[in-house]
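J.: Each chain is listed here by its residues.
2 protein chains.
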Amino acid sequence: MGILVVGSVAFDSVETPFGVVEEVLGGSATYFATAASYFTDVSLVAVVGGDFPEEHADFLRSRNIDLRGLVRNPGDTFRWKGRYGYDLNEAQTLETRLNVFESFKPSIPPEYADADFVFLANIDPDLQMEVLRQVNKPRIIASDTMNFWISSKPEALKKVIGKVDILIINDAEARQLSREPNLVKSARMILSLGVKTLIVKRGEYGVLMFAGNSIFAAPAYPLEKVFDPTGAGDTFAGGFIGYLANTGNLTDAGIRQAIIFGSVMASFTVEDFSLNRIKSLDYREIEERYRGFKAMTHFEDIPEPE
Amino acid sequence: MGILVVGSVAFDSVETPFGVVEEVLGGSATYFATAASYFTDVSLVAVVGGDFPEEHADFLRSRNIDLRGLVRNPGDTFRWKGRYGYDLNEAQTLETRLNVFESFKPSIPPEYADADFVFLANIDPDLQMEVLRQVNKPRIIASDTMNFWISSKPEALKKVIGKVDILIINDAEARQLSREPNLVKSARMILSLGVKTLIVKRGEYGVLMFAGNSIFAAPAYPLEKVFDPTGAGDTFAGGFIGYLANTGNLTDAGIRQAIIFGSVMASFTVEDFSLNRIKSLDYREIEERYRGFKAMTHFEDIPEPE
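If you read the sequences in order, they're chains B and G. In terms of the numbering used here, the first sequence opens at residue 1 and continues consecutively. In terms of the numbering used here, the second sequence opens at residue 307 and continues consecutively.
Treat the hints loosely; a few may be bogus.
What the hints assert, rightly or not - Label pairs and their calculated CB-CB ranges:
| no. | chain 1 | residue 1 | chain 2 | residue 2 | range |
| --- | --- | --- | --- | --- | --- |
| 1 | B | Leu-191 | G | Asp-588 | 48 to 54 Å |
| 2 | B | Gln-92 | G | Lys-464 | 31 to 37 Å |
| 3 | G | Gly-554 | B | Leu-223 | 33 to 39 Å |
| 4 | B | Gly-162 | G | Ser-498 | 52 to 58 Å |
| 5 | B | Pro-154 | G | Glu-408 | 23 to 29 Å |
Unchecked claim - Quick partial rundown of chain G residues pointing at chain B, CB under 8 Å, derived from the structure:
| no. | residue |
| --- | --- |
| 6 | Tyr-392 |
| 7 | Glu-396 |
| 8 | Met-452 |
| 9 | Asn-488 |
| 10 | Arg-508 |
| 11 | Tyr-511 |
| 12 | Leu-514 |
| 13 | Gly-518 |
| 14 | Ile-521 |
| 15 | Pro-528 |
| 16 | Lys-600 |
| 17 | Phe-605 |
| 18 | Ile-608 |
As the list claims (entries may be wrong) - Selected chain B positions facing chain G (Cβ under 8 Å, derived; list incomplete):
| no. | residue |
| --- | --- |
| 19 | Tyr-86 |
| 20 | Asn-182 |
| 21 | Met-189 |
| 22 | Tyr-205 |
| 23 | Leu-208 |
| 24 | Glu-224 |
| 25 | Arg-256 |
| 26 | Glu-287 |
| 27 | Met-296 |
| 28 | Thr-297 |
| 29 | Ile-302 |
| 30 | Pro-305 |
Rather than coming from a laboratory, the hints here were simulated on the basis of the structure. Glycine included, each C-beta is placed from N, C-alpha and C at the ideal position.
Whenever a hint applies, use it, and build me the whole structure from the sequences.
T.: Here's what the structure looks like:
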């Protein structure tokens, strides 16, 4: 089954303790689509400026990503500049230039409207709702958001969340959205908004999933080289939704496997700047790291009580 | 097999967002011994003052903890006063009065010297070494330490660590000890000091184990009520070493199960102040929560490559 993703395509300038890059390919839709492309067909809706080089579009096409929804408008592409210290969990934003993204109004090509899976990356909740009006009953709607929208457009955001099956946010966002410091209570409040599955991303500590009475904890992969965490969250979402769309298995067991595939993709992303590491993975590498997650988390059960 | 623990017995005054307690029973050896007592015999070496009430000693004896090594000296018992905010991962120490603990020289009763398992709680590394001189080739030596000893007595500490089989410290301490921000590299450096198994505690994010080429990640149990994190680390160590001593199974699989039992005990501790929650657990509750950890971390493997 195919995925429609709506989000940003951007140029990132990033400084970490391990190096500096200028104006490399980034953006939530870019990371998501590239990760998901290892599992299923992806159609991308986003906007770029006249300065967007054809080689980047060629790369995305080489990953079999459908770019008919990638609009090229007059002006410059969205730019983000950030810095990470040794605590790679938090980025310090140095500069954001929205450029053509400022007036972005997502227009879903008619041939995308029947997508079975829709991922609304972190954009204005009014635009997320605009996307939902243009699609025909997708099987699964998943979305991300950020602190800025939680504080500036809480009502619009809650409306979108009410229509979403899977919400993928980080722990600070979950606490902010629910106004509840305890994560278990926070999750229960968010599920009461209508979300079926809540994924809470915790950076180097992995993710927690809450759905009904099921809780699943997945660690992050302990890496010797964490070069640049940019895009880890969107890559997680891409691997996660990509695997779900590939199998169509929406059971608790299927969702847990998908979470591990998402974690695998995120673990590759952070090993290099931009999309360098996930540009051309071998599917066997992905499966090998999945088995690494299994080895890292496995322990024997104890006998059932008599 | 029995355990010898050497550490502190204290009165804690603790303030959390959920309440306040004054001069309740605490201390590393107390938490450790109580948790371990669910799995095996424990002998405790520590010092208290003349103000230590018999009811506390009676409680420890009721858990079958051997108190022949609990010295009562003239003066007051060790007191610690601390506060936690909503971020329950870090305590703010408001006051430490060492009292009789200041001149504590651990003297191991001869009948303890053959203990198979020795746990050196967080005390001066010179005293930890003093303990090791008084015991006869225990099967396993485990120890804890803290930032204060890492910065003030690094050489003495490294000597102790060179004799330890299992080191149990938190992530900040691992980074400080190795002077390496990356946890995987940090772990490798610490293992090179002679430690066979390194356990890195990460508070609400669980623990990581490093041993040879094996890495094991265990989450913390997501709780709706986290009342007071005091003693969580020592309770973890007590459940962990307690289960190891009970089974004598020191294989990778046995250590992983022991880590889960440690995590179970820590999850009970934080549900109430002092030792209130772990005072009188039913072993079936412990096993039930172990199964909860299994349910929370389980995911299906993928087929092996052909």
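J.: Does each hint hold? Answer for all of them.
T.: Structure-based check of each hint:
For Leu-191/B and Asp-588/G, the Cβ-Cβ distance of about 31 Å falls outside the hinted range of 48 to 54 Å, so the restraint is violated. One distance hint, 31 to 37 Å for the beta-carbon pair Gln-92/B and Lys-464/G, holds here, with the actual separation near 35 Å. The hinted range of 33 to 39 Å is satisfied by Gly-554/G and Leu-223/B, whose Cβ atoms lie roughly 34 Å apart. Checked against the given bound of 52 to 58 Å, the beta carbons of Gly-162/B and Ser-498/G, roughly 54 Å apart, stay inside it.
Range check, Pro-154/B to Glu-408/G: Cβ separation about 54 Å, and the 23 to 29 Å hint is violated. A distance limit of 8 Å between C-beta atoms decides the matter here; for Tyr-392/G the minimum to chain B is near 4 Å, and the interface restraint holds. Annotation: Glu-396/G was flagged as interfacial toward chain B, and the flag is violated, the nearest CB pair being 14 Å apart, outside 8 Å. The interface hint given for Met-452/G is broken, as the beta carbon of that residue sits about 21 Å from the closest beta carbon of chain B, more than 8 Å.
A hinted interface residue such as Asn-488/G counts as satisfied when its beta carbon comes closer than 8 Å to some beta carbon of chain B; here the least separation is about 6 Å, so the hint holds. Interface restraint check: Arg-508/G against chain B, minimum CB-CB distance 7 Å, threshold 8 Å, status holds. Annotation: interface hint on Tyr-511/G holds; nearest CB of chain B at approximately 4 Å, less than 8 Å. Hint status for Leu-514/G relative to chain B: holds, with the closest Cβ pair at about 7 Å, below 8 Å.
The closest approach between the C-beta of Gly-518/G and any C-beta of chain B is roughly 13 Å, which is over the 8 Å cut-off, so the hint fails. For Ile-521/G, the interface hint holds, the least distance from its beta-carbon to any beta-carbon of chain B being 5 Å, beneath 8 Å. Because the beta carbon of Pro-528/G sits about 5 Å from the nearest beta carbon in chain B, less than 8 Å, this interface hint is met. For Lys-600/G, the interface hint holds, since its Cβ comes within 8 Å of a Cβ in chain B; the closest pair sits about 5 Å apart.
Interface hint at Phe-605/G: satisfied, since its Cβ lies 4 Å from the closest Cβ of chain B, which is below the 8 Å cut-off. Taking 8 Å as the C-beta cut-off, the interface hint given for Ile-608/G holds, the closest approach to chain B being about 6 Å. This hint holds: Tyr-86/B has a C-beta 4 Å from the nearest C-beta of chain G, less than the 8 Å allowed. Contact between Asn-182/B and chain G, as hinted, is supported at the beta carbon level, the nearest pair being about 6 Å apart and thus within 8 Å.
Taking 8 Å as the C-beta contact cut-off toward chain G, the hint placing Met-189/B at the interface is violated, the least distance being around 12 Å. Given the 8 Å rule on beta carbons, the hint for Tyr-205/B holds: about 4 Å separates it from the nearest Cβ of chain G. Taking 8 Å as the C-beta contact cut-off toward chain G, the hint placing Leu-208/B at the interface holds, the least distance being around 6 Å. Because the smallest distance between the Cβ of Glu-224/B and any Cβ of chain G comes to about 5 Å, under 8 Å, the interface hint for this residue holds.
The beta carbon of Arg-256/B comes within 4 Å of a beta carbon in chain G, closer than 8 Å, and the hint placing it at the interface holds. For Glu-287/B, the shortest C-beta to C-beta distance to chain G is roughly 6 Å, which falls under 8 Å, so the interface hint holds. About 5 Å separates the beta-carbon of Met-296/B from the nearest beta-carbon of chain G, less than 8 Å, and the hint is met. At a threshold of 8 Å, the smallest CB-CB gap from Thr-297/B to chain G is about 5 Å, leaving the interface hint in force.
Proximity of Ile-302/B to chain G holds as hinted, the smallest CB-CB distance being about 6 Å (cut-off 8 Å). Checking Pro-305/B against chain G: minimum C-beta separation of about 7 Å stays under 8 Å; hint holds.
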